[in-house]
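Order-wise, the sequence lines are chains A and B.
Note that numbering that gives the first Met the number 0 has the first sequence beginning at 0, numbered continuously upward.
Note that numbering that gives the first Met the number 0 has the second sequence beginning at 0, numbered continuously upward.
Calculated directly from the structure, the hints in this document are not laboratory data.
Errors might be hidden in some of the hints.
A pair holds if it fits inside one copy or across any two, identical chains being indistinguishable in the list.
Stated by the list, open to error - Taking lysine to any residue and the SDA-like style, the derived pairs with C-alpha atoms no more than 20 Å apart in a straight line are:
| no. | residue 1 | residue 2 |
| --- | --- | --- |
| 1 | K284 | R252 |
| 2 | K284 | G258 |
| 3 | K284 | A256 |
| 4 | K290 | L95 |
There are 2 protein chains.
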Amino acid sequence: MSKLIQCVPNYSEGRRRDVVEAIVDSIETSSRARVVDYSMDVDHNRAVVTIIGEPHDIRKSAYAGAKTAVELIDLNKHEGGHPRVGAVDVIPFTPLREVTMEEAIVLSHDLGKDIADNLAVPVYFYEQSAATSQRSNLADIRKGGFEALKKNGLVGDRKPDLGPPTIHPTAGAVVIGARGPLIAFNVNLATNDMSVAKSIAAKIRSIRGSGEALEGVKAIAVYLKSRDTAQVSTNITLPHLTSMYDVYAFVERQARAMGVDVLESELIGAIRVDALIDSAQSSMKLPGLSKNRVLD
Amino acid sequence: MSKLIQCVPNYSEGRRRDVVEAIVDSIETSSRARVVDYSMDVDHNRAVVTIIGEPHDIRKSAYAGAKTAVELIDLNKHEGGHPRVGAVDVIPFTPLREVTMEEAIVLSHDLGKDIADNLAVPVYFYEQSAATSQRSNLADIRKGGFEALKKNGLVGDRKPDLGPPTIHPTAGAVVIGARGPLIAFNVNLATNDMSVAKSIAAKIRSIRGSGEALEGVKAIAVYLKSRDTAQVSTNITLPHLTSMYDVYAFVERQARAMGVDVLESELIGAIRVDALIDSAQSSMKLPGLSKNRVLD
Numbered sequence: 000m001s002k003l004i005q006c007v008p009n010y011s012e013g014r015r016r017d018v019v020e021a022i023v024d025s026i027e028t029s030s031r032a033r034v035v036d037y038s039m040d041v042d043h044n045r046a047v048v049t050i051i052g053e054p055h056d057i058r059k060s061a062y063a064g065a066k067t068a069v070e071l072i073d074l075n076k077h078e079g080g081h082p083r084v085g086a087v088d089v090i091p092f093t094p095l096r097e098v099t100m101e102e103a104i105v106l107s108h109d110l111g112k113d114i115a116d117n118l119a120v121p122v123y124f125y126e127q128s129a130a131t132s133q134r135s136n137l138a139d140i141r142k143g144g145f146e147a148l149k150k151n152g153l154v155g156d157r158k159p160d161l162g163p164p165t166i167h168p169t170a171g172a173v174v175i176g177a178r179g180p181l182i183a184f185n186v187n188l189a190t191n192d193m194s195v196a197k198s199i200a201a202k203i204r205s206i207r208g209s210g211e212a213l214e215g216v217k218a219i220a221v222y223l224k225s226r227d228t229a230q231v232s233t234n235i236t237l238p239h240l241t242s243m244y245d246v247y248a249f250v251e252r253q254a255r256a257m258g259v260d261v262l263e264s265e266l267i268g269a270i271r272v273d274a275l276i277d278s279a280q281s282s283m284k285l286p287g288l289s290k291n292r293v294l295d
Numbered sequence: 000m001s002k003l004i005q006c007v008p009n010y011s012e013g014r015r016r017d018v019v020e021a022i023v024d025s026i027e028t029s030s031r032a033r034v035v036d037y038s039m040d041v042d043h044n045r046a047v048v049t050i051i052g053e054p055h056d057i058r059k060s061a062y063a064g065a066k067t068a069v070e071l072i073d074l075n076k077h078e079g080g081h082p083r084v085g086a087v088d089v090i091p092f093t094p095l096r097e098v099t100m101e102e103a104i105v106l107s108h109d110l111g112k113d114i115a116d117n118l119a120v121p122v123y124f125y126e127q128s129a130a131t132s133q134r135s136n137l138a139d140i141r142k143g144g145f146e147a148l149k150k151n152g153l154v155g156d157r158k159p160d161l162g163p164p165t166i167h168p169t170a171g172a173v174v175i176g177a178r179g180p181l182i183a184f185n186v187n188l189a190t191n192d193m194s195v196a197k198s199i200a201a202k203i204r205s206i207r208g209s210g211e212a213l214e215g216v217k218a219i220a221v222y223l224k225s226r227d228t229a230q231v232s233t234n235i236t237l238p239h240l241t242s243m244y245d246v247y248a249f250v251e252r253q254a255r256a257m258g259v260d261v262l263e264s265e266l267i268g269a270i271r272v273d274a275l276i277d278s279a280q281s282s283m284k285l286p287g288l289s290k291n292r293v294l295d
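Looking at chain A on its own, in the form it has when it is part of the complex (with noise of 0.2 Å):
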């Protein structure tokens, strides 16, 4: 059994197609690590790619598509309705297979040392790969986007891990880390009134730690403007506390309390099949369902 590593590198172009297809293909043809998904998103204006393979060839891939990115997305020309600092915006690395977290988060640190190297753009590694505290936290980084960075510098809180001492000029910064599985669950919402949606998002991070809490959920609204709907999009970061269905149904009876229905949900990227099995028993009171049950 070889080792196996999980990239999902987020990139800000969700519109086109074109941008999106040179960064896949500059990732698959880099090395032997394989695009699994990938996925993009005309409102949000960003892209997601979920690529597996071994650590050395995860690195080069990683390297090539930020290198593309980088070339072809100006973020001065970006507009869109989720937060991010870059062209290539993210890069998280969780472990698949035969791989520690610690292995993980030496593959973050010798990409984000490529990047900073070659590319010249400035490096923060969050999460698990984070130098401090106050850097674990992706929101925090990324707390006004591009434009806060650009307008404000690189001083202070805001100084680089890596990289040179000022945004790139048209792609921005990254943010680099090693972390645990995570599903990227979007609700959509029968309504374009964007104060449920901010509402539930709301309710969802204020209930933290509490006894009807989402564990391990960020949720933020996003206005869908191609298809006039109001989202609530979410990170699902301890999937084996709190399950995809258990997100969906929090929502639902949320929206449904002030009369708007759901329009549909959303999943990017890949998922375990653990998640499935956790869905299943949350939406089914079916207790007990282990994973040598479930045949492929």
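Please arrange chain B on chain A, whose structure you already have, making use of the hints.
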């Protein structure tokens, strides 16, 4: 890739653990086929074993399990909530990999001959292995159970396909056949009022072919004596058309209309990962989750 077939024999014993373990043990020691799951239910008084292996191994192991069941189970002393005609009641085969339905049918006929010749148990072939359309439906063959066969004899439309012209005095008869994947899925209601479970099961059966139908779902009501609970016990025979969650949601909606909650659900045996994907899509209005996005 070797040929793989699944066999899910059902035995009429759900109370004496030593008997079920003897059956499982004989299955596991007779060939290289593997038992991936087994469960026993005290109220159904029934055990379900999931075996996976190559066809020639499955033939040996399924025979060994049948032999042990015939030796250790006396249907004259058996009572339980589930219909049955035999100690080893039904032996279905489902192609998994590199096996055609035709091969599964041949295997079922071979096993039927083994059992008829060596164990003196009359054999009925059902589903894809049935000789006539009157034999394809398990419920028709099993109508009246062991007691009816014992009382009325194996005459007329009850003439077996193979084996002796009378039932085995203690082991009854056996139903064997090849079929597509099936999900055995039960929903337990928070009531002991069997009229609720019976009305829901009848509704599932009666809406077949209508617009709101749960396509390919068979349902019966079973009283769970040990838990004093009413159960809707279903087989989903077209899992690509109807998901577990579709069945769950239907039962929950019907029960609630009668003022009754769902206590929990139960999945018997193994399922394919597709079944989890289908349920996730249905429970969360989640379109387009392809299998290559599910990592093991």
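How the hints compare with the structure:
For the homomeric pair K284 and R252, the shortest alpha-carbon distances inside one copy (17 Å) and between copies (14 Å) are both at most 20 Å. With identical chains, the CA atoms of K284 and G258 are at most 20 Å apart between copies only, with a shortest distance of 18 Å across copies and 26 Å within one. For a Cα distance limit of 20 Å, the shortest separation of K284 from A256 across copies, 19 Å, qualifies, whereas the shortest one inside one copy, 23 Å, does not. Taking the shortest Cα distances, K290 and L95 sit within 20 Å of each other both inside one copy (16 Å) and across copies (18 Å).
In this structure, every one of the numbered hints holds.
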